[in-house]
Amino acid sequence: MPLVRKSDLWLALVGASAAVLLLLLLAHPAFVAKRLREKQQERKGLVRELQLTDLCLFTEASYTRHPTQADLHTPFQDHPMSLEHFPSGSVVMPPHFPGS
Amino acid sequence: MKWVERQRYFVDFTLSSLGRRKGKNASLLLVYTLIVFLVSSVMFFSSALRKEALTLLDEAPEMIVQRTLAGRHELVPLRYAKEIRGIRGVRSVEARLWGYYYHPASRSNYTVMAREPFEHGDDEAVVGDGVLRTWGTSSGNQLTLRSHSGEAIVLKIAETFSASSDLVASDLILISETAFRRLTGLPEDFATDLVVVVRNPAECQTIAEKINRMLPDTRPILREEILRTYASLFDWRSGYVIVLLSGAVLAFFIFAWDKATGLSAEERAEIGILKALGWDTSDILGMKFWEGCVVSLIGFLAGTILAYLHVFFAPAPLFAHALKGWAILYPTFELNPSVDLYQIGILFFLTVFPYAFVTMIPAWRVAITDPDEVMR
Chain A
1 MPLVRKSDLW LALVGASAAV LLLLLLAHPA FVAKRLREKQ QERKGLVREL
51 QLTDLCLFTE ASYTRHPTQA DLHTPFQDHP MSLEHFPSGS VVMPPHFPGS
Chain B
1 MKWVERQRYF VDFTLSSLGR RKGKNASLLL VYTLIVFLVS SVMFFSSALR
51 KEALTLLDEA PEMIVQRTLA GRHELVPLRY AKEIRGIRGV RSVEARLWGY
101 YYHPASRSNY TVMAREPFEH GDDEAVVGDG VLRTWGTSSG NQLTLRSHSG
151 EAIVLKIAET FSASSDLVAS DLILISETAF RRLTGLPEDF ATDLVVVVRN
201 PAECQTIAEK INRMLPDTRP ILREEILRTY ASLFDWRSGY VIVLLSGAVL
251 AFFIFAWDKA TGLSAEERAE IGILKALGWD TSDILGMKFW EGCVVSLIGF
301 LAGTILAYLH VFFAPAPLFA HALKGWAILY PTFELNPSVD LYQIGILFFL
351 TVFPYAFVTM IPAWRVAITD PDEVMR
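If you read the sequences in order, they're chains A and B.
Mind the numbering: the first sequence is residues 1 to 100 in our numbering, read in order.
Mind the numbering: the second sequence is residues 1 to 376 in our numbering, read in order.
In short, the hints are calculated from the structure, not lab data.
Worth double-checking, as some hints may not be accurate.
[Unchecked claim] Example chain B residues on the side facing chain A (calculated, C-beta under 10 Å, incomplete):
#1 Gly71
#2 Gly130
#3 Thr160
#4 Ser164
#5 Leu167
#6 Leu233
#7 Phe255
#8 Trp257
#9 Val294
#10 Ile328
#11 Leu329
C-beta atoms are modelled at their ideal positions from N, C-alpha and C, and glycine is treated no differently.
With the hints as extra help, turn the sequences into a complete structure.
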């Protein structure tokens, strides 16, 4: 019989991977929290000061840049038969209106 | 202890058995890891972005009032602000001036905004990091814009928003009100929309209804609606998340189905030999359960670790392409690592256990037949 059993090696690998995962999930957020919180405070300050309403994620069209400010017709407003054609349009949900 | 030792022997045997089909099992593990990686990347990314959006936009104005004309967002006359100010419970009404500017040289859309008081001159601007990256001017510290009348407007970059504010201000060009009206041709007595501050936030909905009754062509947007839009945008059941997830989940089902529908002739013969040597059906099922666990546990752990590194160490380069779409300008941002352990738990139960059980079904079918028949 070999000195190290295969099951021991597998258990060690699973244990080590689980430890790395737990370290990432629990220790990493705490480790970077202070630095990232400062940056987040800066962003929050800017949102408050400039009265911003949206994240700058999709800049290609008005309704994807400011989804909360667009109405449901915006993606189709270029002309009466116009179809919404920007790729982000397929991944941005229309705004939520009361009752909709 | 005897039970544990017995299981360890099963694991030893399973590992040796897997080792005999190295190529097949290595590719299985690779596919499994890739699927878990994709699903957990989407989960980590959307959950972090959702949390970030909700934290940031909690500072957004509590009510925006737009005017609509023929179903489109229209400029709002400043006299509307006076009328809204007259509603009991309204503390203040402020005009917002903002719009878009398309720059043909960089083929990008920028958000132009005016804010009073503006600390700099009428020929100066404060710009986001993305503007600097993409504008492509010959002279790095000024922007040349074309006004609504065709006149060239040169703005000196007085200041830039810090790189950490990219997520909210990457495409922003902040200028004075005078410069904004000169650039866009917005008439003096009009604004893009109005920001309404209410004395008692609990009355927002009532005041929005009053505004809508008094000025029927307006559309009030409450902060709650803004937050709801972003919550649903990055919810894992909707928006782009479902687009990305559906592909991965489908791949996982095909993968599991393929595994569940049959064993190779070699595997069938192996089970027959084990049965002939005196193994019980329960032993064979136990061995197959461990076979599923060996692959799925390693695949789950490796996929999840890689996904975490992908999203929070390298800022999700695989998703940048999907999010960018046709846009030239895309912000660079670092996400706050916030992982929901409940989601990890769900992912674990949805990937590890079904796979481990699915591998047992064909083995059980073979194990209950006569070994002699199986080996023939």
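Comparing the hints with the structure gives:
no.	hint	result
1	Gly71	holds, 5 Å
2	Gly130	holds, 7 Å
3	Thr160	violated, 12 Å
4	Ser164	holds, 4 Å
5	Leu167	holds, 6 Å
6	Leu233	holds, 5 Å
7	Phe255	violated, 21 Å
8	Trp257	violated, 26 Å
9	Val294	holds, 6 Å
10	Ile328	holds, 8 Å
11	Leu329	holds, 5 Å
Going down the numbered hints, you'll see the structure goes against 3, 7 and 8, while the others check out.
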